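Asker: In case you want the letters, here they are:
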Amino acid sequence: GQSLEQPSEVTAVEGAIVQINCTYQTSGFYGLSWYQQHDGGAPTFLSYNGLDGLEETGRFSSFLSRSDSYGYLLLQELQMKDSASYFCAVRAPSGGYQKVTFGTGTKLQVIP
Amino acid sequence: DSGVTQTPKHLITATGQRVTLRCSPRSGDLSVYWYQQSLDQGLQFLIQYYNGEERAKGNILERFSAQQFPDLHSELNLSSLELGDSALYFCASSVGVASQGTGELFFGEGSRLTVL
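Just so you know, the sequences run in chain order A and B. With the working numbering as the guide, the letters of the first sequence map in order to residues 16 to 127. With the working numbering as the guide, the letters of the second sequence map in order to residues 51 to 166.
Since the hints were derived computationally from the structure, they do not count as laboratory data. Some hints could be false.
To be verified - Facing chain A, according to a computed beta carbon distance under 8 Å, are these residues of chain B, among others:
#1 SER81
#2 SER88
#3 GLY92
#4 LEU155
Model, not experiment: these values are computed from the prediction. We treat Cβ as the ideally placed atom computed from N, Cα and C, and that holds for glycine.
Take the sequences, apply the hints, and build the full model.
Answerer: This is how it looks when you write it as structure tokens:
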């Protein structure tokens, strides 16, 4: 099976940089994804790492180290609208298809 | 708008009752996933279908069942409801072929179930 760990809450100042870590255990691995969810809303896809290294998408970057079973999401130039929950998710093989297991989520609060 | 449609958006029912949640995936997506999210909790994977067939099962209770129909819409049936079943139930869809791209899931807006 799969299990993921990430901090439950993080607080950061507007304009700053914040890093949300994720460690995982999995049998089989395609890659690590990140999703954002605002209160009461649907999760939306942010980024994906299938290989080691850094992926950058605007203010957001995501990193993966497969050997360490570790990844992080880096949010730069924080804005108030970035206040949300962030989930890492392991994408793993399942009978020729994919299974996506989510972590418990990190609630990010951006303060002025 | 993700293109995934879930109905109903809200549902209030009593313990012991049965409800059906419906999901229409994004056009072209063959895979449908169901997740349960309790208050301030993560997304618990329930079950996945691909082109009408069950492909992966998570921590889905025996009281819960699901299916995907030939037109690819899916239904999640919850029976003998308990207070603890109150949650937000999300449906997501993807292309579904494991080796393709990022495996991005597109989520519907969810069905909020309240069991009284």
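Asker: Find the hints from earlier in the document that the structure breaks and name them by number, from lowest to highest.
Answerer: Failing hint: just 2.
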